[in-house]
Structure formats: C-alpha cells, structure tokens
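Here the protein sequences come in this chain order: R and H. Numbering of the first sequence is given in my numbering, commencing with residue 1 and proceeding in unit increments. Numbering of the second sequence is given in my numbering, commencing with residue 1001 and proceeding in unit increments.
Source of the hints: derived by calculation from the structure; they are not laboratory data. Being a predicted model, the structure only gives us computed values, none of them experimental. Just so you know, even glycine gets a beta-carbon here, dropped at the ideal spot from N, CA and C. Accuracy of the hints is not assured; some may be wrong.
[Stated by the list, open to error] Using 27 Å as the maximum straight-line C-alpha spacing, the simulated BS3-like pairs for lysine-lysine come out as follows:
1. H/K1129 <-> R/K100
2. H/K1220 <-> R/K104
3. R/K104 <-> H/K1232
4. R/K60 <-> R/K79
5. H/K1220 <-> H/K1156
6. H/K1208 <-> H/K1234
7. H/K1041 <-> H/K1148
8. R/K60 <-> H/K1234
9. R/K79 <-> H/K1234
10. R/K79 <-> H/K1129
11. R/K104 <-> H/K1234
12. R/K30 <-> H/K1254
13. R/K79 <-> H/K1220
14. R/K100 <-> H/K1232
15. R/K104 <-> H/K1129
16. R/K30 <-> H/K1298
17. H/K1298 <-> R/K104
18. R/K79 <-> H/K1232
19. H/K1296 <-> R/K30
20. H/K1234 <-> R/K100
21. R/K100 <-> H/K1254
22. H/K1276 <-> H/K1296
23. H/K1053 <-> R/K30
24. H/K1254 <-> R/K104
25. R/K100 <-> R/K79
26. H/K1179 <-> H/K1199
[Stated by the list, open to error] Computed footprint of chain H on chain R, listed as stretches where at least three residues anywhere in the stretch have a Cβ under 8 Å from a Cβ of chain H:
27. 45-53
28. 67-74
29. 94-106
[What the hints assert, rightly or not] If you only want the chain H side, here are some residues facing chain R, beta carbon under 7 Å, derived:
30. Y1050
31. K1053
32. K1128
33. G1163
34. R1186
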Amino acid sequence: MAKITFIEHNGNEHTVEGDNGMSVMEVAVKNMVPGIDADCGGACACATCHVYLQGDWAEKLGERSEMEEDMLDFAFDVKDSSRLSCQIRVSDDIDGLVVKVPEKQF
Amino acid sequence: MTEQAIETDVVIVGAGPCGLFAVFELGLLDLKCHVIDILDKPGGQCAELYPEKPIYDIPALPIVTGQELTDRLLEQAAPFNPAYHYNQMVTGLNRKDDGTFEMETDGGLKFHCKVVVIAAGGGSFQPKKPPIPGIEDFEGTSVFYSVKRMEDFRNKDILIVGGGDSALDWVINLQPLAKSMTLLHRRDEFRAAPDSVNKMRELVASGKMNLHIGQVTGLKGDNGVLSAATVKGKEGEFNVACNSLLPFFGLTMKLGPVADWGLNLEENLIPVDTEKFSTSERGIFAIGDINHYPGKLKLILSGFHEAALMAQEAFRIINPGERLLFQYTTSSSNLQKKLGVA
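Just chain H, same shape as in the assembly (with noise of 0.2 Å):
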C-alpha cells in the first residue's frame, strides 16, 4: 500500500527555534512548509531539555525560558498555517529526475517537496542505551526502549528502570496487563509527577507490584530472550526474574538516518556556504546548529540569521526567474497582509 505523498514547497526537518523561525521567514516569501519533528512537541532541545530554564541571550529578550520561545516561535509563525508531524523521524530523502525530493518517515508519512530544510540541531532526540553488558543481544526481543503496542506487555514479567515520568507511567499503565510488575531506581526518590509516585505506591503496598532499589549490572537469559535482571543494591546483589525490560533513561541526541542522506558531512556536522546555508546538494539546505561552516556559533541568534538568508535562496530555486523584492514587514503592506496585520 502506497499513501498519497503530501505536495508541499519546503519540508523542515526539526522543529526547534530555527525549524520554527524558517517557516517564518519562508512564510513571508509564500513559500509553504511541512515541519517534521521526532519529539511529540515543538521547540526541539528548547523544550525537551531546558523548557523552564531561562536563556539570556536573544536579542531584545533579556531573559526567556525555552519554552516561551518555543511559544512565541510558534505565535510568529502560525500566520503561515505550517503542518507540524510530531513524533516521526525522517528516514528516507531522495532525489528525482526532475530535481524535486521524496521523503518518508518511521511513521510512514511520505512527502513531496522542492526544498529540504533541515534544521535538526544535535540530530534525533533518542532513548538513552544503558551499557550493561550484553544488552545488545535483547534489543527488541526483551528489552525495549518504547511502548508501540501496550497489548505485546500481556502476561508478561515486566522490570521497568527509572525514577522520571516515562517509568512511572509505564508501570501504571501496564501493571493491570503484567504476569508480575517490578520498579527498579537507583534511590527511593522518583523525579515523576507525585500523583504518579503515589499510585504507584498504592500498587507496591498493596502487593500488585515489587519495587527494588539498585541499579542493573548484568543480564540473564538465551536467544535473545531474558530470565532475570541481575541488580546492585545497598545490600548485595541479587536477582530480579524478568523476560520484559524497559529502561528509561531519558533521551540523547544522535545524528541518526541524516548521516546516509548523501550530503558531505563533518564531524557529523554539514558544511555550508555562509551566503545561502546550502549544503552539498542543491535544495537541500542545513541551518542552526546542525551546520558547519567558518567561524560557526551554535547560538539561537546565529540560526535565525541563516534561516533569513536560506529562505531567499529557496525562493530562488521554487520560483526559478521570478524577481524577489527585498521588503521589510515595517512598511510592506504585502507583507503585513501575509501576517494578517494589515
């Protein structure tokens, strides 16, 4: 089964500040945008690691948290009625004979658009690997960094790892399912919302489930199919019987499918002219902190300038021959009709 690609003119990869400021600024020249994120929200590292932390340094914002500038990101940019695709990560970028892109994502979404934008700061937001030995061996079998489908947890004996949210709402949630239901957390202080921490004390008082205090350092089983956790606690080690593991570490940034999309990479980071912010390949574009070039600075500011100079030259190569006239959103009551201000 094929689905219908969707027709856009640009598709950013990334919805941090500058995936979001791009659609702004490719906005104001009509250019329309597709925005594809592998979180479940915008704001890219803004939101998923610094949310309520202040950030000093955007021009006219003496203080901001990442998380009012997501917000404000979005406000500037709404005008333009973006499409946003959370929780997808882009897989596969080709080009075709007649120089436009097909994308697809893990969520089987597939796009066809002229320009490619990819704004993906540090790469793709993924579950932290804990690295125990061997664990390797019952990646996707046993072990699983993610719940697609709740109903592959039934009858299991599930040892969920950590202290946050994720953990915490695992438990809850596939405790009525489970064969057996045990938490393990290196301390008996859980970092999740409260309301969570005390249902799933509830749980715990009232038999339905174990809770240890330790941490994992190896694991037992055959063929990719695990009998038990071995565990460090403050007493000794011992042995938690478990053939479902699910560690939630929190996320890490790796650069992920970018890496085989063709483009000269270095260092894992993709060189650019400081004119257009082009990459290697002609409509595809790299802007923010995902882009390299001669005295690079990875700050919000520097991503928003390249974002203002990339969406010229994706004018350019959309609308191939058309004059594009230099307006300023002061005075241009074309522009200010695109913001719904005039």
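Only chain R is shown next, with the shape it has when bound in the complex (with noise of 0.2 Å):
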C-alpha cells in the first residue's frame, strides 16, 4: 500500500492510496485524477499517463525501461523526471510519492 500525490497542472492535489501491485496510472484512473488519459489501458502504447515525477523520485525509481524510453518519444515536453504512470507499480516503498500531471496529455 502506498499513499501518491498527483498535482494537477494548476496545482490542485489529490493524495490518494493505491494497493500493491496496481500501476500509477490505474490508482489515477480509479480515483478519478483529472490529466491521467491512459488511452491504451496501460499497455505502454500510447504515452497519454505522462507524469514529472518531483522531488528526489527519479532517483529513487531507477532507470526507465527501453520500452518506455521509446513510448515517452510520443510525449509532449519530455524531462528527466518525466515517466509514464503505467510503467511505475505500487509497493511499500513507493509511499509518498509526488507526480504532476502535465497541462495536456495530446
């Protein structure tokens, strides 16, 4: 169980909790978090779950997969911290994890 932060891009947050094993994006998804599209459904073939992971999480995380690596070149504005949302999964040690949305998802 892990509690995330999505920050929406005009800075309103929703903290919401998410079980083991879910990826990010279906946590967002479920709880109704605006800015999270997920066309495909989590197939990592779409890049529309684009999030800036904050803070130090980019370390934390580690390295993004190729696959991801290859569909985040369909993103908009793509940063260092930027990872697809279905791509990270929910365990103990993600707790507290802040992620912002992007303006659009495109």
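Take the two lone chains, each set in its own frame, and fit them into one complex as the hints suggest.
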C-alpha cells in the first residue's frame, strides 16, 4: 500500500492510496485524477499517462525501461523526471510518491 | 463530378475486432458488408496500439497477440468476401427519404446502404498535435501532420520532429526534394527501423541534412508562414530556420465526425439498447468500445456478442417480413455452405 500525490497543472493536489501491484496510472484512473488519459489502458502503447516525478523520486525509482523510453518519444515536453505512470508499480517502497501531471497529454 | 455510390447491405465503420466479427455474423445471414477504416490496415487498436502485445481474455485463446487476433478474424470473415476500404474517414452520413443511408468518406468514396454499423472503438485515429503555443496559426500552411503530396515540399526548408518510422521515412523521402532538411528528436536514439536510421545518419555525415537533439518550445513567423522553430536542447535554446514543420508524435483517438451524425451521445459514447444494439436512429447500430449501456464492459468479447445480436435486427430491417431461422454453424448445412466448408 502506498500513498501517492498527484499535482494537477493548476496546482490542485490529489492524495490517494494504491494497492501493491497496481500501476500508478490505474491508481489515478480509479480515483478519477484529472489529466491521466491512459488511452491504451496500460499497455505502454500511447504515452497519455505521462507524469513528472517530483523531489528525488527519479533517483529512487531508477531507470526507465527501453520500451517506456521509446514510448516517451510520443509525449510532449519530456524531461529527466518524465515517466509513464502505467509503468510504475505500486509497492510499499513508493509510499509518499509525488508526481506532477502535465497540462495536456495530447 | 459525382462518383457512383457503392451499393451494399451494410457499411461497417471501423475494421477493429468488433467490425471484423460483425462481417462474419452479418455474412451468416447473407448480408453483404463494406468496411471502412481510417487506418491503412485492419485491426483497429489491436493492430495500431498493441500488435505484438498479448491479449489474455479472448474465449478459447489463452494468449493471442493483437495482430494474431486480427489475422484470425480476417480469415473468419473471408468466406463472405467483404470489401475493405482503408485510409478513409467517414465524413458524412445521411438518411434518405426511403430510410436507406448515404455515406461519404474524405477520400471521395460514396456508399448507399440499408444498415450502418458503427464499430469505431475510441473514435478515429488522428495524428497527435503537439501543444506548442500558437501552432494552430501555422497548421495547414506551414505545419503539417501528414504528407499528402510530396511535391508540395519541393524547395522547402523542412523541419521534421520525431524518432519513429514516420519521421525517419519522411526525412529520407523528402530530403532529395527539400532546400534544406533538419531532423529534431528528443534523444540521440531512434525507435525507427535500423535501416532508416542508418540512411539518415549517412545523410547527416555527408552534410545533406542536419540532426538536432532537443524539443520544440515555440514557433516564429507571421501570417501562417513559419520562419523558425525555437528548440530547447541540452545546451540551451536555439532556433532552427524552417518554413515547413512536420511533427510525428504518433496517433491519438478522437471521436471525429461520428459526433455530427445526429445520434444521441453521452460523454462521447453512443447509448444503445441491449437487445439490438441500436442507436437512437433505426438502422444505425453501435457495437464495441464506442457504445454504452448499463453494465457495459469495454472488452473485445462483449463486442462479439453485440455483433451477433445486432446482425439479427439488421436482417429484419433489410428483409422486412422474412422469417429468420436461428441456426448453428456446427449443424446447419446451409451455414456451412456459406462458410465454404460443406
């Protein structure tokens, strides 16, 4: 179980709980967090669940996989902190994760 | 000039799994189908989004990839000789006084049919438009999301953005025509086919084109005519002079023209009944991910069930007064003849 905070582009914060094994994208969709479109439903095939990791979470979560890196080519304004939230698994280790949602998933 | 309309019983909008299975179910009832899709291939999301990824919830197929499922559905529908029309977006749908329908596509095709089946999934696949401030001022004049005519790009200063096959293919195809060619990608790795990447690297090495690593942050120009793109790279911002910009960021699904067909819509879905899967307009059905009803699950198997029930009502509309005999493919010699197995 982990608490995850999603910060919308306008600053609105949503702190929600996710069960171990879910993806961070699924946690967002289940809790109706705005700005996570997840068109493909979690297949790492659309890049519409793009988020920016806040604080030192980029270091803690480690490298993006090659598949995720390829798919990020289809996202806009990709930064070092960019991740596709469908590719982050919920575990006790990510309790307190904070991510920012981009203005548009386009 | 008016093209002759194609006459058919049924036009199916969308060649995804539900549209393909609808061909089969309608075919068993002797109804002839034409299938229209905006993509250049059948399979819909299965083929476009996850051709190589496994699906685990198709009954009797413990594991199947999106492409395999598509191939099997095409094979299953083949005995009914459906006509497929790819790279076509249905733009117009009108009911005539006699209750039949006229449809047209952006590619100039016209259809005249008795029943329309909307199996359009999440809507039309359309190119993603990067949210660069002010980009809409240049769309259609300097910014293009596809290449319709290569000749339009002769002697242009072209900037192509992206790292996939579309981006690299157009770099290679347009470079000989262009006044200058620049490719911009966010990293120095490309997911495009290695052969295309090698060709691009050779062009860069021989000074025939430029490659920059970075992302577009802004556009410069007046009256729809682009003069440069502002690019943010590792070493800061710089400008790339160009008068044509081609961004290739993949496809996204938009409901598209379906919204204009006078059907009731709820949050971009088409409400249907669960007996016939009919929309608010008699003769227009909606099956698969695009429809909505109480308890709806967006599963391929739900779409298959919907296709079977829809076909029964489609038969009654097309053959008024005729009795529809329910038959099984395992035992009916009539159905087996249609399938070419009797």
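Against the structure, the hints:
no.	hint	result
1	H/K1129 <-> R/K100	21 Å, holds
2	H/K1220 <-> R/K104	22 Å, holds
3	R/K104 <-> H/K1232	19 Å, holds
4	R/K60 <-> R/K79	16 Å, holds
5	H/K1220 <-> H/K1156	16 Å, holds
6	H/K1208 <-> H/K1234	24 Å, holds
7	H/K1041 <-> H/K1148	18 Å, holds
8	R/K60 <-> H/K1234	23 Å, holds
9	R/K79 <-> H/K1234	11 Å, holds
10	R/K79 <-> H/K1129	19 Å, holds
11	R/K104 <-> H/K1234	23 Å, holds
12	R/K30 <-> H/K1254	22 Å, holds
13	R/K79 <-> H/K1220	23 Å, holds
14	R/K100 <-> H/K1232	21 Å, holds
15	R/K104 <-> H/K1129	11 Å, holds
16	R/K30 <-> H/K1298	15 Å, holds
17	H/K1298 <-> R/K104	24 Å, holds
18	R/K79 <-> H/K1232	11 Å, holds
19	H/K1296 <-> R/K30	17 Å, holds
20	H/K1234 <-> R/K100	22 Å, holds
21	R/K100 <-> H/K1254	25 Å, holds
22	H/K1276 <-> H/K1296	14 Å, holds
23	H/K1053 <-> R/K30	23 Å, holds
24	H/K1254 <-> R/K104	15 Å, holds
25	R/K100 <-> R/K79	12 Å, holds
26	H/K1179 <-> H/K1199	18 Å, holds
27	45-53	holds (count 4)
28	67-74	holds (count 5)
29	94-106	holds (count 3)
30	Y1050	5 Å, holds
31	K1053	5 Å, holds
32	K1128	5 Å, holds
33	G1163	5 Å, holds
34	R1186	5 Å, holds
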